[in-house]
Structures are given as structure tokens and as C-alpha cells.
Amino acid sequence: MGDKTKTKADSLSMLINNDNVVGHIFAAPFIFGFICFSFIPICMSLYYAFTDYSLGNKVAVFVGLKNFLMLFKDEVFLKSISKTLQYVLIAVPLKLTFALLVAFLLTRKSRMVTFYRSLYYVPSLVGGSVAVALVWKQLFARKGLFNSVLMDLGLKKINWFGSEALAIYPLILMAVWQFGSSMIIFAAGLKEIPTTYYEASEIDGANGFQRFFKITLPCLSPIILYNLVMQTISAFMTFTQAFIITGGGPNNSTMLYALNVYNQAFKYNNMGYACAMSWVMLIVMSLITLVIFRTSKFWVFSESEG
Amino acid sequence: MREKKIVKKVFYHLFVLLFGFVMIYPVLWMISGSFKDNGEILRGTLSLIPQSSKISNYNTGWKGFGGTTFATFFKNSLFVTTIATFGTVISSSLVAYSFSRIKFKGRKLWFTFMLATMMLPGQVIMIPQYLIYYRFGLVPGYVPLILPYFCGQAFFIYQMMQFMQGIPRELDEAAKIDGCSKYGIYSKIILPLLKPAIVTTIIIQFYWKWDDYMGPLLYLSRPQSYTASIAIKLFADSTSVTDYGAMFAMSTLSLIPVFLIFLFFNKYLVEGIGTSGLKG
Amino acid sequence: MKKKLVGIMMAATMIVGSLAGCGSQTDSTTANDAQTKDVAEASTKEETAATEDKADDTNSDEPITLRMAWWGSQDRHDKTIAAIELYESLNPNVTIEYEYYSFDDYFTKLKTLVASDEVWDVFQLGGNFPMYLDKIYPLDEFIATGVVDVSKISEANLKTTRETDGTQLGLTNGINTYGIAYDPAIFEEAGAAIPTDDWTWEDYQKAADTITEKLGIFGSSTFLTSDFIAGCSTYIGQQGDLGQYSFFNLDLTGMGFDNPQMLAPFIQMRADMIKKGSYPDAGASAEVTNIENDFLVTGEAAMTWVAVNQFPTIYNVCAEQGRELALAPLPKVVAGGNSGTLIQSSQMLCVSQDSEHKEAAAAFISWFENDVDCNNILQAERGIPANENVREALSASSTKGQQIMYNYVDSVSKNPTPKEYNVLSPDGQDQVQDNYLNYIQQVASGEITAEEAAEKTYADAQAIFK
Chain A
212 MGDKTKTKAD
222 SLSMLINNDN
232 VVGHIFAAPF
242 IFGFICFSFI
252 PICMSLYYAF
262 TDYSLGNKVA
272 VFVGLKNFLM
282 LFKDEVFLKS
292 ISKTLQYVLI
302 AVPLKLTFAL
312 LVAFLLTRKS
322 RMVTFYRSLY
332 YVPSLVGGSV
342 AVALVWKQLF
352 ARKGLFNSVL
362 MDLGLKKINW
372 FGSEALAIYP
382 LILMAVWQFG
392 SSMIIFAAGL
402 KEIPTTYYEA
412 SEIDGANGFQ
422 RFFKITLPCL
432 SPIILYNLVM
442 QTISAFMTFT
452 QAFIITGGGP
462 NNSTMLYALN
472 VYNQAFKYNN
482 MGYACAMSWV
492 MLIVMSLITL
502 VIFRTSKFWV
512 FSESEG
Chain B
23 MREKKIVKKV
33 FYHLFVLLFG
43 FVMIYPVLWM
53 ISGSFKDNGE
63 ILRGTLSLIP
73 QSSKISNYNT
83 GWKGFGGTTF
93 ATFFKNSLFV
103 TTIATFGTVI
113 SSSLVAYSFS
123 RIKFKGRKLW
133 FTFMLATMML
143 PGQVIMIPQY
153 LIYYRFGLVP
163 GYVPLILPYF
173 CGQAFFIYQM
183 MQFMQGIPRE
193 LDEAAKIDGC
203 SKYGIYSKII
213 LPLLKPAIVT
223 TIIIQFYWKW
233 DDYMGPLLYL
243 SRPQSYTASI
253 AIKLFADSTS
263 VTDYGAMFAM
273 STLSLIPVFL
283 IFLFFNKYLV
293 EGIGTSGLKG
Chain C
37 MKKKLVGIMM
47 AATMIVGSLA
57 GCGSQTDSTT
67 ANDAQTKDVA
77 EASTKEETAA
87 TEDKADDTNS
97 DEPITLRMAW
107 WGSQDRHDKT
117 IAAIELYESL
127 NPNVTIEYEY
137 YSFDDYFTKL
147 KTLVASDEVW
157 DVFQLGGNFP
167 MYLDKIYPLD
177 EFIATGVVDV
187 SKISEANLKT
197 TRETDGTQLG
207 LTNGINTYGI
217 AYDPAIFEEA
227 GAAIPTDDWT
237 WEDYQKAADT
247 ITEKLGIFGS
257 STFLTSDFIA
267 GCSTYIGQQG
277 DLGQYSFFNL
287 DLTGMGFDNP
297 QMLAPFIQMR
307 ADMIKKGSYP
317 DAGASAEVTN
327 IENDFLVTGE
337 AAMTWVAVNQ
347 FPTIYNVCAE
357 QGRELALAPL
367 PKVVAGGNSG
377 TLIQSSQMLC
387 VSQDSEHKEA
397 AAAFISWFEN
407 DVDCNNILQA
417 ERGIPANENV
427 REALSASSTK
437 GQQIMYNYVD
447 SVSKNPTPKE
457 YNVLSPDGQD
467 QVQDNYLNYI
477 QQVASGEITA
487 EEAAEKTYAD
497 AQAIFK
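Chains as they are written, first to last, in my numbering: chain A, 212 to 517; chain B, 23 to 302; chain C, 37 to 502.
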């Protein structure tokens with residue numbers, strides 16, 4: 212295609228190859244989709260946040276800041292925020308460390324690697340299906356696998372889903388268990404690291420640990436940043452697990468924020484309130500993402516600056 | 023020295039295998055559940071070997087509902103998922119290229135918008151979005167399930183951007199000197215070097231789309247057009263009887279396509295370090 | 037590049053469009069729906085004229101397509117589809133396009149259809165439907181013209197799907213009420229008093245505690261959120277004179293009782309039972325996902341709440357284990373006092389405001405609820421048929437569990453009922469219910485007192501009406 216434009220008139224070629232034009236042409240699919248299918252719904256959700264809109268009742272009355280003021284008096288909302296933060300802060304680092312470790316272990320040149328990686332990837336394939344959620348529930352049930360193991364070890368059994376302090380851990384464990392997509396992305400990233408780097412370091416006499424910290428980690432840092440940002444956002448959005456496994460209980464101790472939004476929007480029929488909640492969280496999440504991006508300057512190594 | 027190496031190797035394999043078993047135990051439990059009867063599943067026995075060994079779960083499950091079998095549901099899923107995955111790869115790589123390599127006005131703004139779209143829960147924008155498709159006359163139908171995937175998916179756009187960061191700019195410069203335009207650089211340099219990112223996109227997007235059920239729930243209405251993800255949920259009704267055996271059986275079958283896709287594309291990620299990367 | 041991309045997208049869209057279109061009647065009808073929506077809206081305004089028009093449209097052979105949806109299990113789907121096919125063979129001009137979902141999905145879908153004004157012509161609703169009132173086209177005019185036959189449905193049964201102002205919203209798919217299913221053998225083994233028709237909450241708590249002490253299992257199990265409606269809400273209705281109190285007032289505009297502390301003893305009892313282990317705590321009750329794995333069925337509890345249409349199912353499951361379940365009424369506040377139990381509708385079928393063929397839809401509903409052949413296919417799977425003839429025909433071939441259910445409903449309908457009552461619940465009750473269940477846990481763990489929980493529950497319920 213580059214060859215074709217060369218033969219055209221200079222001005223046209225200039226236009227077509229102008230960064231502004233090229234950029235917009237390549238970004239066109241996103242811009243088109245955003246304007247057509249995302250922009251209006253996003254604006255509507257912002258508008259609803261200031262109304263008493265509910266799905267059954269189509270006339271939305273403007274209520275000003277009422278929804279936002281109510282949020283800060285809403286016990287369930289405040290609890291859901293602290294529980295969601297707990298979930299994100301524990302699940303994301305664990306999941307990423309685990310994914311990176313497994314991806315690294317499984318880059319060895321061996322025929323078994325394909326098999327192993329499949330083995331570790333399977334849990335992620337089953338996703339948030341009803342069947343797996345049910346299995347998970349059984350594992351942590353009062354007579355489930357975890358308690359049988361505890362009893363065999365001579366310990367007391369734990370009422371996982373009955374305890375406010377513990378109920379969130381089965382959910383966290385499930386998130387960590389499904390680390391497959393992060394692992395695959397790390398694996399692809401590892402594959403991208405030029406072999407010449409390793410060869411050079413071998414000549415310099417670096418050992419495995421040194422190689423990991425001096426070459427692997429820095430080269431992988433853009434991918435680590437990516438996984439960190441994406442997993443943080445998607446952890447904030449976790450819905451299915453809490454919805455199917457605990458339903459938010461006991462006493463709202465697993466009321467993750469997305470589940471709370473769903474309840475308000477669909478179950479309790481307060482769409483306006485749910486929108487207000489979403490926008491508050493959007494701001495919280497943007498701030499967190501911004502912090503991650505700002506700090507990334509100090510630890511992300513980029514091949515191509517800019 | 024050699025013995026030590028062998029011991030290390032055995033230890034490594036043993037550990038990876040044992041841990042792998044722990045990892046997939048819940049999945050195995052589900053598969054064994056597909057041969058159990060309702061009572062045995064609900065009693066929650068931990069054994070992986072079913073007492074009842076009911077193959078019939080697969081028959082009753084496959085039969086589907088009111089004459090529409092799982093053959094139809096799986097066919098629908100395959101159709102939607104394949105096209106959506108294809109769309110994701112094409113559109114996301116285009117958009118990623120513009121965001122990471124071309125300095126155009128508004129780039130940062132669009133990138134911010136892209137991240138923002140991920141931060142609003144689907145629950146609050148789902149209905150307005152539905153109304154847009156409805157006004158366009160696209161409901162019920164497969165278009166709303168597929169079209170957005172041709173507009174780039176934030177998760178994968180950003181992923182490809184990060185992978186592009188790893189591709190040295192010198193290559194772009196060299197190509198430019200050779201007379202390559204941005205379009206040429208994209209198709210001749212970036213795209214081939216992006217293979218690992220594309221492979222991960224295919225693997226991940228395929229199973230995400232395969233599992234997605236909110237979209238099909240909203241945008242499909244005739245049972246003959248349902249995807250497997252909705253059909254499986256039809257077994258579980260909290261107000262009446264649930265046929266767990268049949269549900270587990272169909273969930274097990276539903277794993278096969280995503281697993282095959284993974285197996286097929288995984289080999290591109292494990293060719294081994296030796297052959298990978300930027301050989302130049 | 038852009039051209040290429042647009043080309044790909046267009047091609048893909050076209051392929052998709054044509055594939056989605058192949059053999060699909062839905063697509064074309066919905067497109068029509070969209071176009072004729074304005075016309076349809078205009079015609080609802082001139083109701084009488086429209087009805088006359090439609091009167092011939094059911095009789096003529098002009099083809100009519102009705103859209104219908106329901107929720108339920110595989111069994112219900114198969115049976116309902118068979119019934120629909122029978123109707124289509126009897127009325128060749130009517131085609132019914134059906135959709136079916138699980139409970140939660142059904143309501144998600146319904147809410148989107150409400151937003152886009154395309155609710156199915158015939159749709160199923162449970163007890164909590166005030167939010168869909170605008171979408172329900174009342175049956176009164178069809179009852180007046182004889183399109184809908186209610187001659188064999190008793191006044192009490194019609195009332196289960198009627199608003200307080202007398203508007204007939206739909207016809208019930210099956211009447212229902214709450215009861216307590218129990219295993220007499222376990223009661224005997226523990227030496228606990230067997231429930232009587234006149235037992236009190238005190239008897240209930242004592243029996244449950246005894247069973248837990250003696251056998252180490254739950255005295256009573258719980259299922260879903262029955263504790264609020266069957267327990268707490270009924271408890272209010274049982275106090276005072278007949279019809280003096282109800283949880284919400286008759287026209288659902290406020291509370292039906294003034295003193296929040298009327299709730300406190302019930303909450304205290306619940307919390308005490310959880311502490312003693314005679315009632316499942318949050319962790320244990322989360323394990324009950326379905327009536328079939330209720331602790332009564334698994335043998336870990338001696339009794340449980342049931343909506344009685346569920347009784348035959350668990351009766352059969354337990355019969356296979358060699359146990360025989362029985363059904364008792366809900367306990368009362370005082371022996372000989374009000375039962376507070378009312379006959380309700382398990383679900384109903386309604387005609388939608390968005391429908392273009394309201395009369396044909398109403399005719400189908402009438403057939404679905406009244407026709408013996410149809411109900412022979414359906415087998416009372418949705419609840420006890422409201423039509424006397426149908427019920428007679430079905431009870432001739434009923435199982436033992438069904439027989440117990442029929443007898444129980446008969447005895448409940450003989451209870452004295454207040455002159456005025458409302459079996460509907462207001463929009464927003466779900467939130468009150470969820471909070472209520474959490475307060476009970478907080479009382480059990482000592483965070484708050486039962487009195488505080490009562491105040492909070494009352495305040496939550498009041499907040500609905502603000």
C-alpha cells in the first residue's frame with residue numbers, strides 16, 4: 212500500500228501519510244465503535260446518576276446530588292468499598308506473581324512444557340461458569356474438601372462462607388486459581404525477549420537469578436505494567452464469582468462493588484443510584500490507574516521511548 | 023554433577039505435576055460430576071470416581087430443550103465466537119498501532135477514553151447500549167454480539183501496545199528509509215513481529231466470548247439462536263428443579279472447543295526461547 | 037487500508053445479517069414491531085375501537101404471531117412447548133414464538149424489553165410485579181366479552197392476581213401458599229412434639245432446639261429468602277385481630293403496622309436459634325442452592341419452609357430414601373389465633389401492553405389455564421391449577437405428595453381470611469428482605485440487639501415509600 216501512494220500526487224501522498232491522518236485511519240475502528248456504542252450509554256449513565264431513574268419507570272426525575280449524598284450514608288456501599296479494596300489488594304499481586312512464576316518456570320525447552328502449561332491453563336478456561344462456581348462452593352462447604360483436609364491434619368474445620376472475616380478468601384483463591392490469561396500474556400512476553408541478551412549475559416558469567424532480575428524483569432516490565440493495570444481494573448469489576456458463590460453474604464462481607472451495582476440496578480430497581488455508585492468508583496479506579504502509570508516511569512523499561 | 027542435575031529435574035517435574043493436579047482437581051470434579059446423578063453431586067462427595075457412572079447425563083443434556091439440541095447451541099457459539107475473535111485481532115492490532123507508533127492529535131484522549139470504557143460496570147451501560155442496537159433494528163440478532171469486536175477491544179489494544187513497545191523503533195526507521203509508509207510498516211514489520219500477542223489474543227478472546235452469556239441473553243431471543251453459554255444456564259433454575267448431571271455434562275463438552283483452540287495456538291508460544299524473538 | 041477495513045466489516049455484517057436472518061421469523065416480525073409501534077400505541081388509546089377490530093381477528097384465519105416467555109427448568113420447558121404445539125394445532129392461524137430462561141435471566145431480559153417497549157405478548161410474572169404494572173394489560177375487558185373464561189375459577193383464586201382496586205392483572209398458573217415440611221420420624225427420634233394445626237412459634241422453637249440438642253442436626257432449615265415473607269411478614273399478620281395488621285398496607289403505600297417492636301420477638305427467636313445451631317447460619321444456608329439440596333432433604337434438618345408447590349418434589353426425593361415427609365401449617369403467635377397464611381399465586385400469565393394481538397394473547401391464556409387437555413400435559417408443575425375442573429381431572433391421577441399438597445391447600449383456604457387483604461408486595465421489597473437477613477446475623481453475632489434490628493428493618497421498609 213505504501214508503494215501505491217508514492218505514485219500519487221504529492222499533496223495527496225502528504226495528506227495520506229500525515230501522522231494525524233494515518234493515526235485517525237488506524238484508530239478508526241475504535242473511534243467509530245466508541246462514538247456509536249459507548250459514548251451515548253456512558254453519557255446516559257452519568258445523567259442517570261443525578262436522577263431517580265429506574266428500569267420499570269421511564270420518567271427520570273432530576274434529583275441533583277441526592278444519590279451521591281446517600282452513598283456516603285449507605286452502610287452497604289461503604290462496606291462494599293472496603294471489601295472490594297481488600298479483594299483487589301490481595302488477589303491482584305498474588306495472581307500476577309503466580310502467573311509470572313509459572314510462565315517463567317514453563318519456558319524451559321521441554322516437550323512436557325506444552326502439557327504442563329495446558330494443565331495450568333485449564334482452570335482459566337472454565338471461567339465463571341455455573342458448574343465451576345458450584346464446585347467451588349462444594350470445596351469450601353462445611354463438609355467440603357478443604358475442611359476434610361484440615362480435619363485430617365487434626366485441625367478444626369472452618370465455616371468459610373459463614374464467617375465474615377474469611378468468606379472473601381475462597382473468592383480471592385478462585386481469582387488466583389484462574390491466572391491463565393495473565394500467564395499466557397507473560398509467556399508471550401518472555402518469548403519476545405531477544406536471545407542475544409541472554410547469550411551476552413552468559414558470556415559475562417551471570418547466574419540464573421541475576422539473569423532473571425537483570426534481563427527478564429526489565430524486558431518484561433511493559434507487560435507487567437499491562438497485566439497490573441488490566442488485572443486491577445478487572446478485579447474491581449469482579450461480579451460472577453460473588454454473584455454465584457456467595458451472593459454477597461454473609462452480612463455483606465463479600466459484597467463486591469460490581470455485585471452491589473447489579474443489585475441496585477436490577478434487583479432493587481434503583482438504576483439512578485447504581486449509576487451514581489459506578490461514577491464514584493470510576494473516579495476511584497482512574498486515580499488508582501493514574502498512580503500506577505505515574506510510578507511506572509520508575510520501573511518500566513521501554514525499548515522505544517515515547 | 024550429573025546426578026544432581028537429574029535429581030533437580032525429577033524434583034521439578036514432580037512438583038509441577040503435583041501442583042498441576044491440585045490446580046485441575048476442581049475441573050476433574052466437574053467432569054466426574056457429569057457422570058453422577060443429582061443426589062451424588064449434591065452430597066458433595068470428594069471422590070473423583072463416580073459411583074453411579076451415568077452416561078445418560080450426556081443424552082438428556084444433549085437433547086436440549088423442546089427439540090432444540092446442543093448441536094444447535096454449540097454451532098451458534100462457534101459461529102459468534104470465531105467471527106468475534108477474528109474481528110478482535112484485526113481491529114485491535116490496527117488501533118494499537120496508531121496508539122503506540124503514530125503521534126496524532128487526540129491520541130492520549132482516545133487512549134484515556136479506552137481505559138475509561140473498562141471502568142464502568144457493564145450493568146449500568148448495558149440497557150442504554152441495548153436501546154441503541156434496538157433503534158438500529160439489530161435486535162434480536164447476532165450483529166450486536168459481533169460488531170463491537172470489530173471496533174477494537176480495550177484489553178487487547180492495550181496488550182498489543184505493550185508488545186509493540188518491545189519492537190525496536192530502529193526497525194521502523196530503517197523501513198521508512200527504504201520508502202515504507204506507515205501502512206507498510208504496520209503490515210510488513212509490526213504485524214509479523216506481533217505474533218505472540220496475536221496468539222494470546224486469539225486464545226483469550228476465544229474463551230471469553232465462548233463463556234460470555236450476558237450479551238447473548240440480551241440480544242438473542244429464539245431458542246434456536248441461543249449460544250451454549252445461555253443453554254447451559256437453562257439447566258439451573260433457582261425456583262424449580264435443576265438437573266446438575268446434565269449441566270455438568272454439557273459444561274464438560276463446552277470445554278472441548280476452547281481447550282482445542284488453546285492446544286493448537288499454544289505451540290506458537292512454546293517453540294522455545296532459542297527460535298524466538300527478534301532475529302533481525 | 038480504511039477501505040479494506042470497512043469492506044471487511046461490511047462483509048462480516050452482511051454475512052451475519054443474512055445468517056441471523058435465515059429461517060428466522062423473529063427478525064422480520066420484530067422489524068415490523070418497530071415500524072408499527074407508533075400505530076400500535078395509537079390504537080391502544082382508542083381502546084374500544086381497537087377491541088372491536090381485534091374481535092374478528094381471533095375468529096378470522098388471518099395469521100397471528102404471539103410471543104411468549106417463561107422461566108423454569110428443562111421439565112417445564114418441554115411441557116410448556118408441548119402445550120403450545122397443541123394450541124397451534126387447534127388454532128392453525130396462531131403461531132407462538134416462545135423463549136425460556138432461568139429465573140434470574142428471565143427478569144434481566146424482561147427489564148431490557150420493558151426499556152425498549154417490546155415485552156412479549158404473553159409473559160409470566162411471580163409475586164413481585166409492581167414494577168411491571170405499566171406493562172400489564174388488564175384482563176377485565178376480555179372477561180366481560182367472554183374471551184377469557186373465569187367461570188370455573190373461584191373468587192379467592194382470582195383474587196390472587198388482582199390489584200386492591202379490583203383490576204384483574206392476569207390469571208394464575210397455580211395457587212400456592214407456605215407451609216412447613218417436616219420428617220415425623222426425626223421428631224419422634226428426638227422426642228420433640230410433632231407439629232399440630234395449631235402450634236405456636238414457641239412450640240416451633242422448642243421442637244427445633246430439642247432436635248438439635250438430641251441429634252446434632254438443624255432443627256429447622258431455611259430455603260432462599262422464605263424467612264422474610266413466610267416468617268417475618270406472616271408474623272405481623274398473625275398479631276391483633278383478624279386483618280388488623282399486615283406488613284405493608286393494603287394499597288402498598290406505606291406500612292401496615294405502627295410499632296417496629298412487633299418484629300423484635302421474631303428476630304430474637306431467629307438469632308437465638310442460629311446461636312444454638314438449630315437454624316442454619318449464613319454459611320450453611322448459602323449451601324442450599326435449590327429445594328432439592330435443602331437440609332431436610334439431605335437429612336441434616338428436621339423441617340424446612342416450603343412454598344407448597346415444591347412439596348411433591350421433595351416428598352418424592354425423600355420417599356426414595358425411605359423417608360416420609362409431612363406438611364404442617366406455619367406456627368402462630370398464639371394457639372387459636374390468626375393463621376396469617378393466605379392463598380397466593382405462584383406465578384401468573386399476563387397480556388402485555390406492547391402486544392399487537394392482545395385479544396389473541398388473552399384467548400391463549402384462558403385456554404392455558406382452563407383447558408383440561410392442556411393441563412394434562414402441564415401436570416400442575418407450576419402449582420395447583422386454579423380451575424376446579426382441571427384440578428379434579430388432575431387430582432384423579434395425583435401422586436401421594438401431590439395429594440398431601442392438595443389437602444393442605446384446601447385446609448388453608450378454609451381459614452378465616454380478613455375482608456380485605458393484599459397478596460402483592462411493593463417494589464423494593466427485595467432490598468428490605470436482604471437487609472433484614474443481614475440484621476439477623478448481626479443480632480446473632482451480638483453486633484446489634486433484636487430491638488435495633490426491628491427498628492432498622494422498619495426504617496428500611498418505610499424508605500421504600502419515600
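Check each hint, because a few of them may be wrong.
[To be verified] Calculated from the model, a selection of chain C residues having no Cβ within reach of chain B, i.e. all distances over 12 Å:
(1) Asp140
(2) Asp287
(3) Asn458
[To be verified] Straight-line C-alpha distance at most 30 Å; calculated DSS-like pairs for lysine-lysine:
(4) B/Lys217 with B/Lys130
(5) B/Lys255 with A/Lys425
(6) C/Lys312 with A/Lys290
Treat the hints as calculated values from the structure; they're not laboratory data.
All C-beta atoms, glycine included, are put in the ideal place defined by N, C-alpha and C.
Cross-check of the supplied hints:
no., hint, result
1, Asp140, "7 Å, violated"
2, Asp287, "28 Å, holds"
3, Asn458, "22 Å, holds"
4, B/Lys217 with B/Lys130, "26 Å, holds"
5, B/Lys255 with A/Lys425, "48 Å, violated"
6, C/Lys312 with A/Lys290, "28 Å, holds"
Hints 1 and 5 from the earlier list are contradicted by this structure; the remaining hints agree with it.
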